[in-house]
Each structure stands twice: as structure tokens, then as C-alpha cells.
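Colleague: Please construct the entire structure, taking both the sequences and the accompanying hints into account.
Chains as they are written, first to last, in our numbering: chain H, 1 to 261; chain C, 1001 to 1261.
Do not take every clue at face value.
[What the hints assert, rightly or not] Listed below are the simulated EDC-like cross-link pairs for lysine to aspartate or glutamate, each with C-alpha atoms no more than 20 Å apart in a straight line:
no., chain 1, residue 1, chain 2, residue 2
1, H, K4, H, E67
2, H, K213, C, E1124
3, H, K200, C, D1084
[To be verified] Each pair of labels, with its calculated beta carbon distance range:
no., chain 1, residue 1, chain 2, residue 2, range
4, C, G1212, H, K59, 18 to 26 Å
5, C, Q1256, H, D246, 26 to 34 Å
6, C, G1220, H, G88, 25 to 33 Å
7, H, P175, C, Q1256, 17 to 25 Å
It should be emphasised that the hints constitute simulated quantities derived from the structure, not laboratory data.
Ideal placement from N, C-alpha and C gives every residue a C-beta, glycine not left out.
2 protein chains.
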Amino acid sequence: MNKKPTILVTNDDGITAPGIRALIEAVKDYGHVVVVAPDKPQSAQGHALTINMPLRLRKVKLFDDIEAYECSGTPVDCVKLAKDVVLGDRGIDLCVSGVNHGSNASINIIYSGTVSAAMEASLEGINSIGFSLLDYSFEANFEPAKKYIRHLVTYVLKNGLKNTKLLNVNIPNLPAEQIKGLKICRQAEAKWIEEFTRSKDPHGRDYYWLTGKFTNLDDGEDADVKALENGYVSVVPSQHDLTAYDAIEGLREAEQLDIGH
Amino acid sequence: MNKKPTILVTNDDGITAPGIRALIEAVKDYGHVVVVAPDKPQSAQGHALTINMPLRLRKVKLFDDIEAYECSGTPVDCVKLAKDVVLGDRGIDLCVSGVNHGSNASINIIYSGTVSAAMEASLEGINSIGFSLLDYSFEANFEPAKKYIRHLVTYVLKNGLKNTKLLNVNIPNLPAEQIKGLKICRQAEAKWIEEFTRSKDPHGRDYYWLTGKFTNLDDGEDADVKALENGYVSVVPSQHDLTAYDAIEGLREAEQLDIGH
Chain H
1 MNKKPTILVT
11 NDDGITAPGI
21 RALIEAVKDY
31 GHVVVVAPDK
41 PQSAQGHALT
51 INMPLRLRKV
61 KLFDDIEAYE
71 CSGTPVDCVK
81 LAKDVVLGDR
91 GIDLCVSGVN
101 HGSNASINII
111 YSGTVSAAME
121 ASLEGINSIG
131 FSLLDYSFEA
141 NFEPAKKYIR
151 HLVTYVLKNG
161 LKNTKLLNVN
171 IPNLPAEQIK
181 GLKICRQAEA
191 KWIEEFTRSK
201 DPHGRDYYWL
211 TGKFTNLDDG
221 EDADVKALEN
231 GYVSVVPSQH
241 DLTAYDAIEG
251 LREAEQLDIG
261 H
Chain C
1001 MNKKPTILVT
1011 NDDGITAPGI
1021 RALIEAVKDY
1031 GHVVVVAPDK
1041 PQSAQGHALT
1051 INMPLRLRKV
1061 KLFDDIEAYE
1071 CSGTPVDCVK
1081 LAKDVVLGDR
1091 GIDLCVSGVN
1101 HGSNASINII
1111 YSGTVSAAME
1121 ASLEGINSIG
1131 FSLLDYSFEA
1141 NFEPAKKYIR
1151 HLVTYVLKNG
1161 LKNTKLLNVN
1171 IPNLPAEQIK
1181 GLKICRQAEA
1191 KWIEEFTRSK
1201 DPHGRDYYWL
1211 TGKFTNLDDG
1221 EDADVKALEN
1231 GYVSVVPSQH
1241 DLTAYDAIEG
1251 LREAEQLDIG
1261 H
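Modeller: Right under this line is the structure:
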């Protein structure tokens, strides 16, 4: 690649989160970096987008001389604005999202604003990577993650991606020397066991607050949760085609129903 | 099934939308119907859920003697509250979501609150169906849709589903006699061509408003968009495993990178 690649950086924890700063530091030497990220935390926003309200986009100076904007919308809004308004003809060669504070392995990909932002770019044919560190804390140590981010970004910029445009990358919360390497995985089967806290507000009215416990149901060595438990960085090539192809033939008889009543 | 099945009804257009009333009317004879739906429109919320705010749940009397609640959260929040708080031990045998005002065919499934609500129930092992009518208007005619809703609900309650827990059903905006029947499909490849309207608010500050044009890229006769164009009700069995299995082998060499710098 002769021209320096343009790398869009976004996240869902908001532009002031430590994770996006770590991601910018990790990728800034590999291309022309432009940041468009939410102006507030947008965790668990999934693939939400804003259609009934206007969006704001403000230039900010937070990362030395890197071009950066904060946006009032969701992570997916950020990617759409980046593509159409901020970058336009300049194009995007790679989109990286994160580093998320907390796991997006397994079914968390469904709820994740971080991966949804990357998926939005992938829908536009842009190679995209969502990065997440298995540490929810503000003081999380992103240093071990950076090495793997640099390798994957270098790899994708050099080799491209085949049969996917989207990688969901999770990094175990371990010191660098205890991380065993990268592992290409599939999405583990798992579920959240919800528990709603029920309480009363100062006016005596009930409210509910969502809490939950992630429960892995998948012991396969090639499943991302297991790889993380074993000390690997998990890399799941992902897609936006949700068709359950295995179910198509079994449903054919439903086409044949007598619809004459 | 001896016991009357419990059918959870939800949507993303909000509990006052005509579409959910049509859905309730279509399914109420097939089981014990309980409604938990958003108290305001929640279109394009994807799989968003509410973790940083409390949720409200209010019993409402909107549908004769049917037990119904409005919830302050997203469609996915509604399903989680229905399962854990409203129904609990009563269980849910089938979740139906919609009828959405507008298409959720093709990649719209990614953004859709309607289908995300159904997917949330499917993650819990509950057979689920998202229904959408290709008519955005408040005055949409849901009568032709009801016949197909009844057939699919009857089919799933009787036969269950194999290799899927989730059907994404879209109904063409046609008079009943012009609808050709049901077609089992795969998700069409398509994209949205965005265009942001840029304008100034009364204070002279820029704002952006998302608009877009859906563009089908898939002429396959088995693709849902094409089936709808041909006058069929499209039924896409869907899943929450986003792994791009075809891409795993091609990525193995990325595991081998020298990570020693």
C-alpha cells in the first residue's frame, strides 16, 4: 500500500474512556488515524441507531495531533457519520473499535456497541476489528493488549481478510507474559442468567434494574470463552448474515399450509 | 399440548402502535397471551438494553381482558422483564414480536428492535417469531398479514422448530388476494446508502439527521427481498451465532505471527 491507510477508531465506552486512548496509541503508527466516538458511554447499545433525533458532531482535541470528533449518537451512528460526513471521499481502509472495558466474547457480541460499530463498517465492505479486554475497571491495564492489537492490525492491513470483514477480538485480563498467543475461534454458546433488582424510588414507585451473570455453556476448545479461560487472545471471524441455513429444509412444509381460511 | 401455551407479545413501535394490536388479535385464540411492550417507539434500537438506568413496568388495560404491561426500556428489556418479572415460573412457550410497521428483511434484521426482541427470547430457548409488514404508515392494513401470522403460530406451536429458534417474517404490502403464499428464504445481501441531512438549529449550530435508501444487492430467488418483490411472505430461519465459519481456516496463519516485539 503506497498511500498511508486511513484507520477509523471508535468505541462504545465514550471518547474519554481509557480503552480508546490505548487503541489509538496502538494503531497510530500504521496509518492516518481519525477518531469518531460517542460523547458519553454507550455500552450495550447493540446495533442501535438514531433516526428520530438530530445528531451532533464536535471536533475535539484529546489525542495530540490526531483528528478526533465526539458524536451525540450510538457507536453505529458514529461509524455512519464518520463514513459519510467526516471522511467522505477520503475513504476508510480499516475500522477498529474499542478497546472495550469488558468481554464481548460469545453472545455478548449481540449486545455489544463495540462490535456493532465494527460490524457497521464491515457492512460497508470495510475490514473491521472489535477489541475488548476482560477487565471492566477504569484502571484496566491495556499494555498487554497493545501488542496483539498491533499484530492483528498489521496482519489485516497487509493480508486483508477472506470470507469475513469482521473480527471479534477479546483479550484475557492477564499480565503479558501469561498470555499464550492468539487463537482463531468460533463464538461460544452461552447465556445470561438475569436477575432484576426490584426496589422503590423516593416516591414509593417500583423500579427494576437489570443485573445478570454470564454463564458459559460451551466447553469446545475452539470456542472463544474457553480460549480466553486458557489464556489466549480469542479471534472470531464474524458476519452479518444471520440465516440459520440448517433450518431451511426442515421448514419447507410450512410453505405448504392450506391458507384458505 | 394440554395446557394452553403462554404467548408473549412484544414489539418495537410501542404498545400503542396499530401493529401490536393486529398481532394480539391474530394470536389471542391460540394461547394465554401476555403483552410486555415499550411505552414509546423504539425503532432501530437493535439489541440495545438498559443497564445504566432503572426500568419502569406499568400494567395497562388496552386490549380488553388481555394482561398487558408497558415498559420504559427497549424491546430487549421488555423480553427480559417479561421472562424474569412478569411471567417467571409461568414460563413462555412462544414469543411473537411486531407487527412492525416497515420491512425487517435482509440486513434490516441487524438494526431491528422487533427481531432483536424475538432473538432475545430465542437466546432463552423460546421459539420466537418477528413479524413485519412492508408499510410504514400508521394506517397500514394488517388484515392480510393476520392469516399468515395465524398459520405460522399454529405451525410452530404444533411442530416446534428444528435447527433454529427464530423466524424473521416479512409480509408484502399487498391486498390479500395478491399475496402468493409463504416462502422459506435466506437473508438477502443488501446495504443502506446513507445520506445525512446537515442543517442548523435555531442557535446556529450544525446538526445531522440520518436518512438512507435501502439497496438490494441480491437477486437470488431464495433471498427474502426477492421473495417479497415476487409477492410472497418471506420466512428466514435465523440464529445468534455470528461466526463466519468459512473464514476460520484462512485466518490460521494469523495465529502464527511472531509476537516478540
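Colleague: Run every hint past the structure and note whether it holds.
Modeller: Tested hints:
1. A distance of roughly 15 Å separates the Cα atoms of K4/H and E67/H; the hinted pair therefore holds under the 20 Å criterion.
2. With a C-alpha separation of about 14 Å, the suggested pairing of K213/H with E1124/C holds against the 20 Å cut-off.
3. Note on K200/H and D1084/C: the hinted pairing holds, with a Cα-Cα distance of about 18 Å set against a maximum of 20 Å.
4. Judged by the Cβ atoms, the range 18 to 26 Å given for G1212/C and K59/H holds: they are separated by roughly 24 Å.
5. Separated by about 32 Å at the C-beta atoms, Q1256/C and D246/H satisfy the suggested range of 26 to 34 Å.
6. The hinted range of 25 to 33 Å is satisfied by G1220/C and G88/H, whose Cβ atoms lie roughly 32 Å apart.
7. The hinted window of 17 to 25 Å between P175/H and Q1256/C holds, with their beta carbons roughly 23 Å apart.
In this structure, none of the earlier numbered hints is contradicted; all agree with it.
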